[in-house]
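Quick note, the sequences are listed as chains A and B, same order. Numbering of the first sequence is given in my numbering, commencing with residue 1 and proceeding in unit increments. Numbering of the second sequence is given in my numbering, commencing with residue 1 and proceeding in unit increments.
Read the hints as simulated data drawn from the structure, not as lab findings. For every residue, glycine included, the Cβ atom is placed at its ideal position computed from N, Cα and C. Honestly, I wouldn't trust all of these hints.
Unchecked claim - Capping the alpha-carbon separation at 30 Å, the derived lysine-lysine pairs in DSS-like fashion look like this:
(1) A/LYS256 <-> A/LYS401
(2) A/LYS108 <-> B/LYS147
(3) A/LYS43 <-> A/LYS150
(4) A/LYS43 <-> A/LYS121
(5) B/LYS142 <-> A/LYS108
(6) A/LYS16 <-> B/LYS47
(7) B/LYS3 <-> B/LYS110
(8) B/LYS134 <-> A/LYS16
(9) B/LYS134 <-> A/LYS25
(10) B/LYS147 <-> A/LYS25
(11) B/LYS47 <-> A/LYS7
(12) A/LYS208 <-> A/LYS172
(13) A/LYS25 <-> B/LYS142
To be verified - Label pairs and their in silico Cβ distance ranges:
(14) B/SER33 <-> A/PRO299: 34 to 42 Å
(15) A/THR62 <-> B/LEU73: 55 to 63 Å
(16) A/GLU386 <-> B/ASN25: 26 to 34 Å
(17) A/GLU51 <-> B/GLU141: 32 to 40 Å
(18) A/ARG100 <-> B/PRO37: 38 to 46 Å
(19) B/MET146 <-> A/GLN15: 20 to 28 Å
(20) B/VAL112 <-> A/GLY155: 45 to 53 Å
(21) A/ALA277 <-> B/ASN25: 52 to 60 Å
(22) B/VAL112 <-> A/MET113: 42 to 50 Å
(23) B/LYS147 <-> A/GLU51: 57 to 65 Å
(24) A/LYS121 <-> B/GLU141: 42 to 50 Å
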Amino acid sequence: MDFPFVKEAISSLFQKSSCDMYPVKPSEAAPNYRGRIVFHPDKCINCMMCERVCSGNAITHTSEQTPEGERITRTFYLGSCTFCATCMDFCGHGAIEFTRDYHMIATKEEDLMVSGTFLKKPPVKKPKPAAPAAPKAEAKPAVAAGTVIKPRDDGKPVQVPSKCVYCTICAKKCPAGALTVDRAAKTWTLDEDSCVGCGTCAEACPKKAILMPGDEPVTVEAAAPAAPKAEAKPAPAAAPATIGREDGKPVQDPDKCVYCTICAKKCPAGALEVDRAAKTWKLDEDSCVACGTCESVCPKKAIVCGVQDAPAAPAPKAEEKPAAPAAAPVEAPKADEKPAEPLKPRDDGRPLQDPSKCVYCTICAKKCPVGALEVDRAAKTWKLDEDLCIGCGTCAASCPKQAILY
Amino acid sequence: MFKKLIEESTGKSPWLFHINAGSCNGCDIELVSVLTPRYDAERLGFKLSGTPRHADIVVVTGPVTQQSLNRVLRTIEQVPEPRCIVTMGSCPQSGNVFRGSYAIAGPLSKYVHVDVDVAGCTPKPEAVIDGLVKATEILREKRRAMK
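Take the sequences, apply the hints, and build the full model.
Quick look at the structure:
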């Protein structure tokens with residue numbers, strides 16, 4: 001008779017146990033294990049990001065007004081925590097730490113509470129805004145032309161008054177509520193204590209008027225914004241040579257406009273009001289930040305932002321060119337709009353910009369699934385990261401001007 | 001004397017009953033892994049029982065859904081005194097990410113007295129062993145108090 005496991009059973013008798021022997025022999029968690037939370041109240045600036053991102057509502061705080069300032073106690077209830085560490089990721093100051101301690105055994109609820117108290121002092125003086133003299137009533141004249149505005153070292157934003165249009169988008173996007181922007185008074189104020197240096201304001205700024213560390217310093221040009229509202233919008237065919245306004249705000253072409261309301265929907269500042277039935281197109285001059293979004297989204301090209309050549313010129317221009325260079329390379333299959341150009345699509349399947357057509361609307365950069373395109377509207381640059389580009393053609397398909405060869 | 005022997009041995013070998021009250025199964029898997037040879041809670045006397053009537057320790061996982069609430073309470077009632085209720089993971093302690101949902105009746109402590117909370121999402125098997133050892137101590141005290 002065969003005894004199948006006898007040999008193995010006998011030899012196992014003399015081997016080491018495969019068991020971990022845990023309570024007898026302490027065991028350590030893996031290096032990146034997220035266990036008990038440790039809160040460093042001295043680092044916390046009460047930006048509340050942790051409370052906002054916590055999916056289990058495990059983070060709460062109580063505050064108490066004292067003569068020295070606001071006494072804030074932040075509490076982490078480990079019994080409601082998923083240990084996802086999102087709070088730690090969002091904490092710009094490293095006040096939340098996940099340790100490798102997993103022994104979270106409690107017989108009372110208090111055993112699972114981690115809390116810390118800190119004092120938030122009231123701002124001693126009116127927080128000095130980053131850019132010099134920004135809060136003054138007339139911000140722009142206060143900054144002399146030629147002044148160089150540098151990003152700050154402490155990671156907080158700096159306003160470039162010459163570019164800022166006081167659209168308040170940055171203040172609305174600020175997760176810590178550290179920005180106060182007054183459109184009427186043209187002030188931009190940063191609360192130094194609340195600011196967490198996250199950079200959301202700089203990202204949201206349609207005018208790139210906020211500098212974050214790593215940005216290039218900006219030289220203030222002779223301030224010439226807010227040009228007198230030059231050609232009023234109800235002047236459709238009035239301007240013979242050029243159309244558009246000098247201040248970069250949109251001008252509608254009533255002949256082309258179909259009142260589709262797309263521009264109004266896309267306007268980040270909500271400055272456009274379009275009524276399809278009544279066939280009206282209204283611009284709120286105060287809200288408009290002259291970002292050019294309406295121009296780029298208009299399917300009928302009925303909006304012009306900034307001064308441009310008269311409408312008669314641009315369209316035929318493209319067709320005139322092809323006559324001269326007779327090279328006539330094989331065109332992009334879908335590009336039926338231009339028969340011949342000195343530019344020809346690249347062999348490696350990556351996109352190529354046609355600078356004569358490109359309006360630097362940044363749509364291609366936004367649509368690029370791998371973020372390989374970098375388009376700067378102000379600097380009129382179009383950069384392709386050759387390493388990132390996967391040659392998918394999304395940019396070419398999304399280009400409203402067919403300015404990308406693919 | 002025979003009775004004393006039984007009491008002595010039940011104190012040393014508490015049987016577990018596991019209730020899933022709408023858990024995502026993360027804690028359930030970890031609880032099972034506690035009983036595998038790697039962590040081997042059975043060497044400490046713990047044994048998973050098939051019926052609540054044989055159990056000493058009830059381990060509850062999951063946020064206690066409306067559907068499971070009645071079943072959980074009825075099952076816990078069937079466990080003879082002295083019994084010890086252990087919540088495993090954040091869900092039965094607070095509802096965790098499911099807190100505030102219309103389908104959640106928890107936390108469990110609203111309905112029954114919870115003896116030990118094992119926090120974590122999910123707790124490490126070592127933490128579960130810690131919690132069970134703690135539950136055994138509480139069970140021993142309860143048994144002593146009943147005499």
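Structure-based check of each hint:
Annotation: proposed proximity of A/LYS256 to A/LYS401 holds, straight-line Cα distance about 16 Å (limit 30 Å). Taken as a hint, the A/LYS108 and B/LYS147 pair is honoured in the structure, with Cα atoms around 25 Å apart against an allowance of 30 Å. A distance of roughly 27 Å separates the Cα atoms of A/LYS43 and A/LYS150; the hinted pair therefore holds under the 30 Å criterion. Restraint check: the Cα-Cα separation between A/LYS43 and A/LYS121 comes to about 13 Å, which is no more than 30 Å; the hinted pair holds.
Our distance criterion of 30 Å between C-alpha atoms is met by B/LYS142 and A/LYS108, whose separation comes to about 17 Å. Between A/LYS16 and B/LYS47 the alpha-carbon distance is near 23 Å, which keeps this suggested pair within the 30 Å criterion. Our distance criterion of 30 Å between C-alpha atoms is broken by B/LYS3 and B/LYS110, whose separation comes to about 35 Å. Distance check on the hinted pair: B/LYS134 and A/LYS16 sit about 28 Å apart at the alpha-carbon level, within 30 Å; holds.
About 17 Å separates the Cα atoms of B/LYS134 and A/LYS25, which keeps this hinted pair within 30 Å; it holds. For the suggested pair B/LYS147 and A/LYS25, the alpha carbons sit about 35 Å apart, so the restraint of at most 30 Å is broken. A hinted pair counts as satisfied when its Cα atoms are at most 30 Å apart, and B/LYS47 with A/LYS7 qualifies at roughly 29 Å. At most 30 Å may separate the alpha-carbon atoms for a hinted pair to count; A/LYS208 and A/LYS172 meet this at roughly 16 Å.
A C-alpha spacing of about 28 Å is found between A/LYS25 and B/LYS142, which places the hinted pair at or below 30 Å, so the restraint holds. For the pair B/SER33 and A/PRO299, the supplied restraint of 34 to 42 Å is violated, since their beta-carbon distance comes to about 59 Å. In this structure the supplied range 55 to 63 Å is violated for A/THR62 paired with B/LEU73, their Cβ-Cβ distance being about 34 Å. Checked against the hint of 26 to 34 Å, the pair A/GLU386 and B/ASN25 fails, with Cβ atoms roughly 46 Å apart.
For A/GLU51 paired with B/GLU141, a C-beta distance near 38 Å keeps the hint of 32 to 40 Å intact. Range check, A/ARG100 to B/PRO37: Cβ separation about 25 Å, and the 38 to 46 Å hint is violated. The given range of 20 to 28 Å is broken by B/MET146 and A/GLN15, whose C-beta atoms sit roughly 43 Å from each other. Separated by about 50 Å at the C-beta atoms, B/VAL112 and A/GLY155 satisfy the suggested range of 45 to 53 Å.
As the Cβ distance of A/ALA277 to B/ASN25 is approximately 56 Å, the hint placing it in 52 to 60 Å holds. B/VAL112 and A/MET113 have their C-beta atoms about 22 Å apart, which leaves the hinted 42 to 50 Å range violated. Remark: the range hint 57 to 65 Å for B/LYS147 to A/GLU51 is contradicted by a beta-carbon distance near 49 Å. Range check, A/LYS121 to B/GLU141: about 49 Å between beta-carbon atoms, so the 42 to 50 Å window is met.
In summary, the structure is inconsistent with hints 7, 10, 14, 15, 16, 18, 19, 22, 23 from the numbered list given earlier, while agreeing with the others.
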